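Those protein sequence lines, which keep their order, are chains W and P.
Heads up: the first sequence is residues 117 to 616, going by this note's numbering.
Heads up: the second sequence is residues 8 to 239, going by this note's numbering.
Careful, some of the hints might be misleading.
As the list claims (entries may be wrong) - Ranges between beta-carbon positions, derived for each pair:
1) E179(W) with L35(P): 19 to 29 Å
2) G58(P) with W590(W): 50 to 60 Å
3) P170(P) with W397(W): 47 to 57 Å
4) T32(P) with I283(W): 29 to 39 Å
5) T27(P) with G229(W): 32 to 42 Å
6) L592(W) with G17(P): 37 to 47 Å
Said to hold, decoys possible - Beyond 10 Å from chain P on every Cβ pair, some chain W residues (computed):
7) A302
8) T448
9) Q534
Just so you know, these hints were derived from the structure itself, not from any lab.
Computed from a predicted structure; not experimentally measured.
Built from N, CA and C at the ideal position, the CB exists for glycine as well.
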Amino acid sequence: MASSLTASLNPASSPDLAKRAELSAIDASTRAPALYFFGSSVLWLLVGTLFALIASYKLHTPEFLGNIEWLTFGRARTLHLNAVIYGWSVNASFAVALWLMARLARAELRHVGLLFIAAAFWNLGVTVGMVGIAIGDSTSIEWLEFPTYATPILFVAYALVGAWAMITFRFGRAKHIYVSQWYLLAALFWFPWLYSVAQIMLLFEPTRGTVQGLVNWWFAHNVLGLWFTPIGLAAIYYFLPKVLGKPIHSYYLSVLGFWSLAIFYNWAGVHHLIGGPVPVWVQTAGIAASFMMVVPVIVTGLNQHLTLVGAASALKYSPTLRFIVFGGVNYTLTSFAGSLMAMRSWAEITHFTHYTVAHAHHGMYAFFTMVMFGSIYYILPRILLKEWPSAKLISLHFWATAGGITLYVLVMSIAGIQQGLAMNTLPEGAGGAPGSPVPFLTVVAQTIQWLELRTVAGVVIAIGHIAFAINFTWMLVKPRQAGSSEPTLFRHAPDLEAAR
Amino acid sequence: MNRAPLIFLGIFFALAFSWTGIILTNHLSYAKLQPVFDETEGKAFPQKLPGNAERGKEVYRDLGCVYCHTQQVRQPGYGTDIERGWGERGSVARDYIHEKRVYLGTMRTGPDLRNVGARFVGDAGRDWHLQHLYDPQITSKGSIMPPFRFLFETRVIVGEPSPRAVQTKLPAQYQPPAGHEIVLTQRGEDLISYLLALKDPALYPEEAARVYVPKAEPAEKKTEPAQAEAAK
Chain W
117 MASSLTASLN PASSPDLAKR AELSAIDAST RAPALYFFGS SVLWLLVGTL FALIASYKLH
177 TPEFLGNIEW LTFGRARTLH LNAVIYGWSV NASFAVALWL MARLARAELR HVGLLFIAAA
237 FWNLGVTVGM VGIAIGDSTS IEWLEFPTYA TPILFVAYAL VGAWAMITFR FGRAKHIYVS
297 QWYLLAALFW FPWLYSVAQI MLLFEPTRGT VQGLVNWWFA HNVLGLWFTP IGLAAIYYFL
357 PKVLGKPIHS YYLSVLGFWS LAIFYNWAGV HHLIGGPVPV WVQTAGIAAS FMMVVPVIVT
417 GLNQHLTLVG AASALKYSPT LRFIVFGGVN YTLTSFAGSL MAMRSWAEIT HFTHYTVAHA
477 HHGMYAFFTM VMFGSIYYIL PRILLKEWPS AKLISLHFWA TAGGITLYVL VMSIAGIQQG
537 LAMNTLPEGA GGAPGSPVPF LTVVAQTIQW LELRTVAGVV IAIGHIAFAI NFTWMLVKPR
597 QAGSSEPTLF RHAPDLEAAR
Chain P
8 MNRAPLIFLG IFFALAFSWT GIILTNHLSY AKLQPVFDET EGKAFPQKLP GNAERGKEVY
68 RDLGCVYCHT QQVRQPGYGT DIERGWGERG SVARDYIHEK RVYLGTMRTG PDLRNVGARF
128 VGDAGRDWHL QHLYDPQITS KGSIMPPFRF LFETRVIVGE PSPRAVQTKL PAQYQPPAGH
188 EIVLTQRGED LISYLLALKD PALYPEEAAR VYVPKAEPAE KKTEPAQAEA AK
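Given the sequences, and given the hints that come with them, work out the whole structure.
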């Protein structure tokens with residue numbers, strides 16, 4: 117079982133030269149669309165980072181750029197979210213998904229010209245949406261802010277990408293369906309369902325009253341859980357064994373992890389409405405599902421951990437592994453925190469506070485974005501047939517982003533708990549009776565120091581992004597070396613042949 | 008063995024399950040939520056927003072107010088919303104049935120606004136919003152809300168000063184240069200109309216009877232209609 121799994125997962129590990137040639141032909145077929153998606157994702161990452169810094173600075177210094185309407189907090193924050201979600205994260209996940217699908221199905225991408233059109237349309241759609249938000253056409257529905265006129269453009273792009281991934285899967289030569297493909301197929305199928313239901317029931321034919329809230333959070337939370345999470349996990353399941361040169365610890369655990377995620381996650385979104393004006397039974401169902409998420413998280417975390425055990429020293433050398441493992445560990449942590457946040461008593465304190473912001477960044481950045489970085493460090497040398505120009509820049513990228521996001525999550529969590537306690541509990545008054553609530557402006561004043569630290573964390577992360585963007589651009593323009601080349605590792609590792 | 012069809016079926020039914028449970032079931036069951044006619048007032052509640060307030064809601068949307076302000080009051084005993092005066096009761100689903108777009112919100116960087124129209128009323132309320140939008144520091148020292156001065160226009164007085172000029176309501180350091188006046192734009196007017204109109208009615212008898220049954224002995228359950236009357 118284990119040996120066949122390794123072979124299906126990792127044809128390059130076989131000494132068979134024909135298989136190596138096949139793999140390199142597959143990589144070559146993904147080059148043009150993958151570069152287009154990755155290139156635009158890096159640009160959007162920088163745009164999103166800029167808006168993040170502006171929004172973060174504004175929140176403790178409200179007069180900053182205060183007279184510029186299109187940069188008012190409500191828009192700058194929204195521009196940040198949409199640039200990093202639909203610009204950076206989705207572009208990167210398209211490239212990673214297509215590349216993984218081609219490799220795992222052992223099929224070359226066909227007619228890549230159409231994928232080029234898809235990439236052009238997606239980025240056009242995101243640009244139109246961003247401009248729409250800036251000029252005041254945002255829908256103000258969280259995670260669905262792009263105005264309706266951007267939707268058809270995005271839809272064309274998505275249809276092409278989804279269809280191409282399916283076609284690649286269909287024409288694949290691989291007999292075995294590896295767990296990464298399960299996640300990819302599911303994500304590719306779930307996303308258009310979520311997006312079109314949300315579009316129809318919120319924008320074109322708005323459903324009644326607070327059912328909109330249910331649709332909104334069914335959509336928004338599932339974009340995280342049924343699109344970004346599966347793609348992030350697919351990448352971890354592929355790169356972790358690949359870089360370590362050993363099979364994933366347990367096939368059965370990965371199957372269990374997949375199906376428990378599929379069943380429980382999509383009910384969990386309602387936990388954004390705990391205590392709100394929606395039927396209590398739905399909230400309870402959402403809480404139960406959120407708690408059950410402990411199952412897939414433990415199973416997946418355990419499986420990945422047991423794969424890494426005994427080979428952890430490779431973390432010293434491999435950039436991909438370091439980012440992927442950081443992402444994997446944070447997937448476990450943020451998921452546990454999320455399950456806890458769905459408990460009514462903890463939600464009473466943390467809901468409506470910066471704690472939620474910390475949690476969102478923990479998931480989208482410390483898990484997903486770090487995994488995408490790791491994937492790019494692995495994929496780019498293989499499609500460009502050249503190595504990363506600077507190990508120092510990779511190192512700077514890793515430490516700045518890992519340190520920055522850790523600081524971010526810590527300070528915002530503390531800020532949120534403090535804010536939540538002050539806002540939602542009554543201090544003890546005279547004679548032990550509950551007193552009057554802490555004045556709202558006092559609650560605000562307490563958060564400001566943390567918001568300033570958040571900006572510091574944001575600047576550190578931005579430094580990492582700039583290092584990454586420089587290395588990425590340098591890699592694109594540098595000439596290809598003749599003959600064989602050494603992979604760019606953090607340090608020289610002569611015994612790490614398997615890691616290639 | 009090709010298990011792709013089986014995997015696909017599983018993937019399909021996983022999402023179909025929650026879509027049916029969370030979305031479809033509630034979409035259908037909300038149809039029975041209707042306005043409640045109050046005979047003493049001769050009106051049905053909740054009421055629709057007046058036209059200028061509806062336009063103001065569009066300004067609320069385009070500036071992204073929802074990212075810092077919720078529009079949902081938590082039930083008594085859960086949080087301190089009632090103690091803070093954000094509402095006399097928790098919000099219920101019926102409050103929102105006329106709304107084409109619902110801004111429940113998920114973040115309270117600022118206070119809840121579901122009943123802000125009950126806190127700032129009439130001309131005094133309008134003046135408060137004017138000052139607060141021009142610079143939140145005037146009314147709320149230490150606030151981190153951004154100024155919305157772009158909803159105002161500072162312009163040269165041509166002929167008679169405009170009856171809509173508002174600088175007289177602003178403190179000394181905000182006064183325009185001589186020969187200039189500050190007027191509120193139409194968008195600003197609309198936004199303030201919306202904020203003044205944001206208010207939920209007293210609890211509907213149906214909700215009182217259905218949701219807020221105090222802990223009672225089974226025998227006392229028959230008194231529910233009477234309680235509902237009292238709640239009116």
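To see whether the hints hold, each was checked on the structure:
no.	hint	verdict
1	E179(W) with L35(P): 19 to 29 Å	violated (49 Å)
2	G58(P) with W590(W): 50 to 60 Å	holds (58 Å)
3	P170(P) with W397(W): 47 to 57 Å	holds (55 Å)
4	T32(P) with I283(W): 29 to 39 Å	holds (36 Å)
5	T27(P) with G229(W): 32 to 42 Å	holds (40 Å)
6	L592(W) with G17(P): 37 to 47 Å	holds (41 Å)
7	A302	violated (4 Å)
8	T448	holds (22 Å)
9	Q534	holds (13 Å)
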